[in-house]
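K.L.:
Respectively, the protein sequence lines represent chains A and B.
Every number in my numbering is 27 more than the matching position in the first sequence, counting from 1.
Every number in my numbering is 641 more than the matching position in the second sequence, counting from 1.
It is worth saying that the hints were derived from the structure and are not from the lab.
Yeah, the Cβ is synthetic: ideal placement off N, Cα and C, and Gly gets one too.
Mixed in with the good hints there might be a few duds.
To be verified - The following residues of chain A were derived to be distant from chain B, with all beta-carbon distances above 10 Å:
hint	residue
1	M28
2	E38
3	A90
As the list claims (entries may be wrong) - Calculated pairs, DSS-like style, for lysine-lysine (alpha carbon to alpha carbon, straight line, at most 25 Å):
hint	chain 1	residue 1	chain 2	residue 2
4	A	K87	A	K105
5	A	K128	A	K199
6	A	K87	B	K683
7	A	K210	A	K199
8	A	K105	A	K29
9	A	K105	B	K683
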Amino acid sequence: MKLVREMTEAELAALVGQHLRERGIRVVLSGGMCVTIYARNAYVSGDLDFVPEVFVDRRKVSAALSEIGFEHHGRLFKHPESPVWVDIRTPPLAVGREPVKQICELVFPTGTLRLISPTDCAKDRLANYYYFNDRQCLEQARLVVEHSDVDLAEAERWSAQEGQEARFAQVKESLLEAERHRKQRSAERQTE
Amino acid sequence: MLEPLLGSQDAERALLYLYCLGEGYPRQMARTWGSTFSAMQKQLARLEAAGVVYSRRLGRTRLYRFNPRYPFLAELQALLARALTFYPEAERQALLMQRQRPRMAGKPL
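All chains should be modelled from the sequences, with the hints used to inform the complete structure.
P.N.:
Put into structure tokens, the structure is as follows:
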């Protein structure tokens with residue numbers, strides 16, 4: 028096993044997720060690190076936001092993370108060999124008003140990482156754009172669409188459910204363009 | 642009214658304040674309810690960690706609002722609206738009838 032200081036952020040996320048799961052705490056990665064993973068490092072996050080599937084006592088989380096060298100700083104956790112912060116959030120795992128239904132798994136040498144899907148990741152970023160007018164998150168949503176398979180029809184349906192149909196319409200063309208870039212790159216790779 | 646559910650009277654008061662007035666800071670809420678700043682701040686921090694509210698710094702003040710991303714927000718607000726109808730008229734008026742319109746800087750009260 029790699030040393031923590033040599034791990035990528037995704038490998039560290041897999042280590043944390045796998046270890047917590049082995050201690051009976053089932054968590055799903057959400058937030059900015061999913062953007063890093065799905066946008067192929069075009070965006071760099073500095074923290075790991077995990078959401079437990081059910082409510083879990085923070086003392087249990089703290090005890091489990093201390094077994095792999097993490098120390099708690101207030102409500103966050105940090106390994107002395109890594110600059111990455113770990114946040115164990117309060118359930119439920121949701122994007123806007125809807126529960127997250129699809130959980131993806133990625134296998135790393137450090138463990139199996141359970142995380143939200145590329146589509147939910149893009150929706151999660153769009154939620155921050157809709158509700159907090161955060162244009163950085165709109166750009167992150169676009170990056171996810173440009174590098175991963177996002178179901179834009181589902182994003183449009185969800186946006187309407189959130190009462191954000193008009194805001195989605197404003198950004199739809201930009202997202203479709205990102206999708207075209209991804210498909211074009213994919214086609215070029217296949218012909219090479 | 643909702644203390645048995647929320648586990649704290651100050652949590653209920655903070656949420657009712659936000660429901661009625663849209664935003665607020667701990668000292669203002671504590672003054673309205675005759676509570677203490679530290680008790681209100683503690684409950685708001687707990688609600689923020691749970692994703693129910695969010696905060697922004699405005700100068701030296703931390704201003705709280707409902708988190709529009711909280712998945713049970715509509716249901717919570719419906720519950721708060723119902724709870725508010727059970728409050729004594731005087732308390733309800735004290736909460737609702739606070740000055741919200743702007744006051745120009747330098748204008749005497």
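K.L.:
Provide an ascending list of the numbers of those earlier hints which the structure does not satisfy.
P.N.:
none
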